[in-house]
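Protein chains: 2
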Amino acid sequence: MDDTVPNSTLSSSYQLSGSCPMPEVTGPDFSKSELLPAIAQDSETGEVLMMAWMNKEAYEETLRTGRVCYFSRSRQKLWRKGEESGNVQELQAVYFDCDGDTLLVKVKQVGGAACHEGYSSCFFRRVDPATQDFVVEGERVFDPKKVYGK
Amino acid sequence: MDDTVPNSTLSSSYQLSGSCPMPEVTGPDFSKSELLPAIAQDSETGEVLMMAWMNKEAYEETLRTGRVCYFSRSRQKLWRKGEESGNVQELQAVYFDCDGDTLLVKVKQVGGAACHEGYSSCFFRRVDPATQDFVVEGERVFDPKKVYGK
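Line order of the protein sequences matches chains W and G.
As numbered in the numbering used here, residues 12 to 161 make up the first sequence, in order.
As numbered in the numbering used here, residues 12 to 161 make up the second sequence, in order.
Check each hint, because a few of them may be wrong.
No distinction is drawn between identical chains; accordingly, a pair holds when it is met within one copy or between any pair of copies.
DMTMM-like cross-link-like pairs, simulated, lysine to aspartate or glutamate; straight-line CA separation at most 25 Å [stated by the list, open to error]: (1) Lys88 with Glu55; (2) Lys43 with Glu71; (3) Lys88 with Glu101; (4) Lys43 with Asp112; (5) Lys67 with Asp144; (6) Lys157 with Glu71; (7) Lys119 with Asp53; (8) Lys119 with Glu55; (9) Lys156 with Glu35.
If you are wondering where the hints come from, they were derived from the structure by calculation, not from laboratory data.
This is chain W alone, in the form it adopts within the complex (with noise of 0.2 Å):
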């Protein structure tokens, strides 16, 4: 269920948290830090796919085209996911954290595989707590050759 909060509410819960008057939370917070971490979900699995980052171009080119756009770090610039693998990421969902500097995105995963090496999910490495030695979990969804051709 949705329901809309008066400002008044938010206010006065984000004052709570501290001795000061916190700034109220109307939306992601651009101007904390140019990038905010952007977590990608399965909106039908639930798995947690991928996290990436978006600058406010790409958050509102997100929200204009309902598909996903990233800010690449190393390319320094926008990354409209699965422009080259044709798997694309339809936006179900937007939402942002109580800080409005991290954003989480419910997705249908074209081609249901988010990540470059073929898996569903970029989390397909899990550690084991007591050696920190890692298993894969998961199998391959494609396989990378055949989609980027290298």
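Go by the hints and put chain G onto chain W.
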């Protein structure tokens, strides 16, 4: 199903993704950045609860104790989640992503709420893509006034 992957397989899959051989990813890489984003997900419901940061010390404490420990950027010290509220996170599984620069922890959230505002998830504000306004989803699990006494 888990299956271990020989190093040679991982290594060659990394070489596929670019023209230069990429380093093999064998664990979270705190040499890239002292702090890595850590996503907490409820292991039972799949709800994404929060995103915070871990340094190597917090990561290793988490593995050792089975309780999630972050590094607080604002306080510049280890943050044993729930040490004030009692709402600790019991570790169920830890994953790292294909780049080795983001962590995913699956947790049992004691008290049912990860957010200091009393919601199960910190991502309780959903954006309306058309207006960029938000609505609050979900119900408060606890009253922050009672838990934090402020």
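Comparing the hints with the structure gives:
{"no.": "1", "hint": "Lys88 with Glu55", "verdict": "neither (29 Å within a copy, 37 Å between copies)"}
{"no.": "2", "hint": "Lys43 with Glu71", "verdict": "within (17 Å within a copy, 29 Å between copies)"}
{"no.": "3", "hint": "Lys88 with Glu101", "verdict": "within (20 Å within a copy, 38 Å between copies)"}
{"no.": "4", "hint": "Lys43 with Asp112", "verdict": "both (7 Å within a copy, 21 Å between copies)"}
{"no.": "5", "hint": "Lys67 with Asp144", "verdict": "between (38 Å within a copy, 15 Å between copies)"}
{"no.": "6", "hint": "Lys157 with Glu71", "verdict": "neither (32 Å within a copy, 38 Å between copies)"}
{"no.": "7", "hint": "Lys119 with Asp53", "verdict": "both (6 Å within a copy, 20 Å between copies)"}
{"no.": "8", "hint": "Lys119 with Glu55", "verdict": "both (7 Å within a copy, 21 Å between copies)"}
{"no.": "9", "hint": "Lys156 with Glu35", "verdict": "between (48 Å within a copy, 17 Å between copies)"}
In terms of the numbered hints stated before, the structure departs from hints 1 and 6, listed from lowest to highest.
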